[in-house]
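Peer 1: What follows is the residue order along each chain.
There are 2 protein chains.
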Amino acid sequence: MLQLGLVLCCLTFAASIPDPRQREALIQLESSMQTGGQMVLTDAEQELDAHFFKMKQEEMARAAFPPAVHFFRARDLIRRSPIFSLLQEMPKGGALHVHDFSMVDVDWLVMNATYRPHCYMCCTDNQSIRFIFSSRRPKPLPRCSPWTLLEELRAKMVNSTDLDSSIKQNLTLFTEQDPEEAYPSQDVVWDRFEQTFAAVWGLVTYAPVFRDYFYQGLTQFYLDNVMYLELRALLPEVYELDGSAHDRAWTLKTYRDVTEQFKNQHPDFFGARIIFTVNRGVNLSVMTEVVEEAMKLQRSFPDTLAGFDLVGREDSGRPLWYFREALSLPAERGIELPFFFHAGETDLEGTDVDQNLLDALLLNTSRIGHGFALVRHPVAKDLSRKRGVAVEVCPVSNQVLKLVKDLRNHPAAALMSENHPVVISSDDPALFGASGLSYDFYEAFVGLGGIKSNIASLKQLAINSFRYSSLNPKQKIEALVLWQRRWNKFVSEHV
Amino acid sequence: MLQLGLVLCCLTFAASIPDPRQREALIQLESSMQTGGQMVLTDAEQELDAHFFKMKQEEMARAAFPPAVHFFRARDLIRRSPIFSLLQEMPKGGALHVHDFSMVDVDWLVMNATYRPHCYMCCTDNQSIRFIFSSRRPKPLPRCSPWTLLEELRAKMVNSTDLDSSIKQNLTLFTEQDPEEAYPSQDVVWDRFEQTFAAVWGLVTYAPVFRDYFYQGLTQFYLDNVMYLELRALLPEVYELDGSAHDRAWTLKTYRDVTEQFKNQHPDFFGARIIFTVNRGVNLSVMTEVVEEAMKLQRSFPDTLAGFDLVGREDSGRPLWYFREALSLPAERGIELPFFFHAGETDLEGTDVDQNLLDALLLNTSRIGHGFALVRHPVAKDLSRKRGVAVEVCPVSNQVLKLVKDLRNHPAAALMSENHPVVISSDDPALFGASGLSYDFYEAFVGLGGIKSNIASLKQLAINSFRYSSLNPKQKIEALVLWQRRWNKFVSEHV
Ligand SMILES: [Zn+2]
Ligand SMILES: [Zn+2]
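Line order of the protein sequences matches chains V and G.
Each residue of the first sequence is one higher than the one before, starting from 1 at the first, in full-length UniProt numbering.
Each residue of the second sequence is one higher than the one before, starting from 1 at the first, in full-length UniProt numbering.
Treat the hints loosely; a few may be bogus.
[Said to hold, decoys possible] From chain G, some residues computed to sit far from chain V (all C-beta separations above 12 angstroms):
#, residue
1, Gln-22
2, Thr-254
3, Gly-447
[Stated by the list, open to error] EDC-like cross-link-like pairs, simulated, lysine to aspartate or glutamate; straight-line CA separation at most 16 angstroms:
#, chain 1, residue 1, chain 2, residue 2
4, G, Lys-489, G, Glu-89
5, G, Lys-405, V, Asp-242
6, V, Lys-405, V, Glu-152
7, G, Lys-405, G, Asp-178
8, V, Lys-405, G, Glu-180
9, G, Lys-476, G, Asp-268
These aren't lab readings, by the way, just hints derived from the structure by calculation.
All figures in this text were calculated on a predicted structure; none of them were measured in a lab.
Note that the Cβ used here is the ideal one computed from N, Cα and C, for glycine as well.
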C-alpha cells in the first residue's frame with residue numbers, strides 16, 4: 001500500500017487529455033495489487049494464462065453466467081466449462097476449511113454405507129431420516145417411525161432405485177427443484193442443513209463407515225488435485241455394532257492412522273490435520289470442559305491436532321465473547337492451542353454476533369472461517385491483513401446458505417482485488433452437491449475475480465493454502481516443493 | 001486512517017483473556033470510522049438516536065427484513081415502518097443524482113398529463129406505448145398502431161379506470177407481479193427501462209407538461225423534505241402543440257425559470273441545478289458537438305448548469321475512454337465544465353466498461369454516479385477518497401436494476417463503514433415506484449448501515465449532500481445554515 005500512496009501522491013491530473021501511459025500505469029498498478037499481482041510468471045505460465053483469458057472471455061459472453069446463478073442450477077453449466085476442467089486438473093494445494101461429515105458425495109454414502117449389513121433407518125416426524133447400525137434391533141427413537149432394517153426392505157423391492165434416490169435427497173441440500181422455492185430463506189436452509197447433518201450422523205459415526213468415509217474423503221480431494229487437508233472435526237464418540245463407543249482420542253487416532261495409510265498409498269499426498277470443533281450451542285461450562293479436552297488432545301497428538309474452532313450457525317448461536325473465559329484458558333496457562341474461528345458468516349450488521357470477527361482476532365485466531373462481514377469492519381480487516389490472519393473464503397457455501405445471490409457481489413472480490421490474505425475452500429461440499437475444491441476455485445476465479453484474475457491469482461491461492469496452513473515452517477517448504485513440482489507438470493502439460 | 005494505524009501499532013495482544021477495555025476501544029474506534037462517526041451530537045440528537053436505535057432493533061426482529069426483499073415487495077413494508085415515517089420528515093439535504101423524466105410519480109402523469117386535450121396515444125409492436133400532443137392528427141409512427149385521441153377514447157368508456165391503470169403500468173417498472181418473474185435478468189429489466197422511458201418521452205417533452213412536470217417534481221422532493229436538487233437532464237427539444245420545437249437553451253432556461261418560481265413560492269427551498277446529459281450510445285463526433293454545446297450552455301447559464309454527464313446502460317454503451325478526446329476538450333481549452341460521470345454501475349469485472357471508474361477520475365470527475373464496482377478497484381477507490389470525489393449511492397435503483405439482491409450486500413455498506421465520501425440519491429424514483437429520497441435513505445440507513453449506522457450517519461449524509469454538491473463555497477454555507485435550522489427543528493420536534 002506504500003507503493004500506492006507514493007504513486008498517487010506523485011500524480012498530477014493535468015487539465016488535458018489524460019495521458020494514456022499514466023492511465024496504463026494506474027491500470028497496471030491496480031492489477032499488481034490483486035491476489036497474485038506480484039507473482040512473476042514463467043513463459044509457459046504466461047502462455048497458459050493467455051489460454052485461460054480466452055476461455056474466460058468466452059465464458060462471460062455466454063447467456064447464463066454461472067457465478068450469477070444459484071449453484072444448484074449452475075453446477076451443470078460449470079461442469080461443461082473448459083475452465084472448470086482445467087481447474088480440476090490444476091494442483092490447488094490444500095483445502096483448509098472442510099467439515100468432517102460433508103467430504104464425501106452422497107452417492108457413496110447411499111451405495112456403500114447404507115448397503116452394509118445391520119443398517120437400520122427410521123423417518124422422523126419432520127420428514128427427515130435417521131440411521132443406526134446395530135447387531136440387534138435398536139431401541140425406538142423418539143419422534144421417529146419404527147426402525148426398518150434396510151437389507152430387509154430392499155429384499156422386498158423389485159429394485160431399490162427410488163428408495164436410494166429418496167435417501168440421497170435426505171443426505172444433501174442439493175435439489176433439482178427451484179432452489180429459491182425449496183429454500184426461501186436463511187432460516188429454512190439452515191434448518192434443512194441441520195436436519196441433513198443429523199441424517200448423515202448415524203451412518204458416519206459407525207466405526208467401519210467412519211474409517212472408510214474418511215479414506216474416501218481423502219480420495220475424492222486427492223482426485224480433485226488437492227494434496228493437503230485441514231479438517232474441522234467434531235471428534236464424536238464413534239460406535240460399534242454392539243453399541244459400544246470409542247472416545248475422542250480414538251477418533252483422533254483413527255484420523256491419524258487413516259491419513260498415514262492414505263499417504264503410504266499416495267506418496268504425493270501431503271497429509272491431513274484436524275481442527276477440533278464444538279457446536280456453539282453449548283453453555284460456558286461445557287465449553288470449558290471441551291477446551292480442557294482440546295488442550296489434552298493437542299498435547300497427545302501434536303502432529304495431528306491443528307487447533308480448535310466453534311461450529312453451527314453464528315446468527316442463532318452464542319457469540320465468541322460469551323465464551324471468552326473458556327477460550328482464554330490455553331493462553332492463560334501458556335499452552336498453545338491455535339484457534340481457527342468461524343467468524344462473520346452473517347449479514348447482521350452491528351449485532352453481538354457481528355462482533356465475532358473482532359473477538360476472533362482478539363482471541364488470536366490463526367485464520368478466519370468465512371469472514372463474509374469483514375469488509376464492513378475496517379478495524380478487523382486491518383488487523384487481519386497486518387497480522388496475516390487469512391480469510392477462508394467458501395463461495396458455494398455462502399451462496400447456498402443465502403448470504404449472497406450473485407457471486408460477483410461476494411465481498412471477497414474486494415479482498416482479492418487488494419491481495420488480502422485469503423484461501424479458497426469448500427466448507428461442506430457434499431451438502432451443496434459439490435466435491436473437492438474445484439467448484440469453489442471456479443467461482444472464485446470466474447465469479448469473484450472476473451476478467452481481472454489470472455493464472456497468477458490461481459497460483460497465489462494455491463501457495464496461500466500452504467502459507468496460511470497450520471503446518472510448521474519446515475513442513476510448509478516441503479509441501480510447497482511437492483506442490484511446485486506438480487504445478488510445473490500441470491503447466492507444461494497444458495501449453 | 002492515520003489514527004487507526006497508530007492505535008493498531010500500539011496494540012499488543014496479550015496471551016490472556018482479552019482486555020474488555022481494549023475490546024471496547026476497538027469497537028469504538030471502528031464505530032468512529034464510519035460515516036458520521038466523528039460527528040458530535042447534541043443531547044437532543046442523542047435522545048432521538050436512542051429512539052432510532054430502538055426502532056431499528058424492532059425492525060430487524062420482524063419476519064421480513066425490507067432491505068433483503070426486492071423493493072417492489074418491500075415498499076409496503078417500508079411504508080409501514082416508523083423509521084421510514086421519521087426519515088420522511090427528516091431534512092435530508094440535497095438529492096444529487098436524479099434524472100429529469102423520473103422525478104414525478106406516474107399517477108400524476110396519467111391523471112394530469114394524459115387528461116389534457118390533444119393527447120394522442122399509440123401502441124408499439126413490442127407492447128409499449130407512445131404519446132404525442134398535437135393540434136391536428138399526427139403522422140403515424142412506424143411500428144405503432146394508429147394514433148388514438150385519448151379524450152375521444154375516454155369519452156366512449158363508462159369509466160376509464162382500467163385504461164388509466166394500464167397506461168400507468170407502461171410508465172413505470174413497478175409491478176405487483178413477482179419482480180423476479182417479470183424481470184428475470186439485467187437485460188430484460190434494462191430493456192423495459194428503455195421502453196418505459198420512451199413511453200414517457202412524448203408526454204414530458206410537450207412544453208406545457210414539461211414545465212408543470214418539473215414544478216411537480218420539485219414539489220414532490222420538497223414535500224419529502226429535500227431542499228436542493230441536482231438534476232441530470234437530457235435537455236431535449238421541447239415541442240408545442242403545432243409541432244414547433246424549442247432549442248436546448250430554451251429548455252435550460254425553463255428549468256431555471258421554474259426553479260425561480262418554485263423558490264419564490266417556497267422560500268425554504270434552496271434551488272436546483274442541471275447536469276446536462278447525453279446518451280453514451282452516440283458516436284465520437286456527436287459527442288464532440290454535444291460537449292461544445294455544453295461549454296456554450298455553461299457560459300450562458302453558469303448559475304444553472306452544474307456540469308455534464310453520460311447516461312444509458314454502461315454495459316451496453318461505449319466506455320468513457322472511447323470519448324476521451326471529446327471529454328478532454330474543456331480542459332484543453334481551459335474552460336471549466338465539471339463532470340459528474342456515471343461509472344462502475346456494472347458487475348462486469350475487468351472489462352473495458354469496468355475501466356470507467358478509473359477513467360472518470362482521470363477525466364477529473366467531480367462525483368461518481370453509482371460507483372457500484374468501486375470496492376473492487378483499490379486504486380480508483382483511493383483516488384476517490386483522497387480527492388473527495390463522492391460516490392452517489394442509489395440503493396433502490398441498484399436493486400431494481402439487478403446489480404444486488406439483498407441490500408445488506410451493497411458495496412456501499414463497506415464504503416460507509418469507513419466514511420468514504422458518499423451521498424444517497426434515488427436515480428429514477430418514479431420508474432422504481434419510489435419518490436423523493438426517503439426510500440433510499442431508508443435502505444441506506446437500515447440495510448447498508450445495519451444496527452451500526454445512527455443519527456450521526458444520517459446527519460453526515462445530509463451534510464455530505466451539500467459538501468459534495470456543485471454549489472460554490474458561499475452557497476454551500478447558506479444551504480447548510482438553512483438546513484441546520486430545519487434539522488434542529490426536526491430534532492426538537494421528535495424527542
Ligand atoms: Zn464451516
Ligand atoms: Zn443515473
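Peer 1: All the hints need checking, so say for each whether the structure fits it.
Peer 2: Hint check:
| no. | hint | verdict |
| --- | --- | --- |
| 1 | Gln-22 | 7 angstroms, violated |
| 2 | Thr-254 | 32 angstroms, holds |
| 3 | Gly-447 | 9 angstroms, violated |
| 4 | G/Lys-489 with G/Glu-89 | 11 angstroms, holds |
| 5 | G/Lys-405 with V/Asp-242 | 52 angstroms, violated |
| 6 | V/Lys-405 with V/Glu-152 | 44 angstroms, violated |
| 7 | G/Lys-405 with G/Asp-178 | 14 angstroms, holds |
| 8 | V/Lys-405 with G/Glu-180 | 13 angstroms, holds |
| 9 | G/Lys-476 with G/Asp-268 | 14 angstroms, holds |
Hints 1, 3, 5 and 6, counting from the list given before, are not met by this structure.
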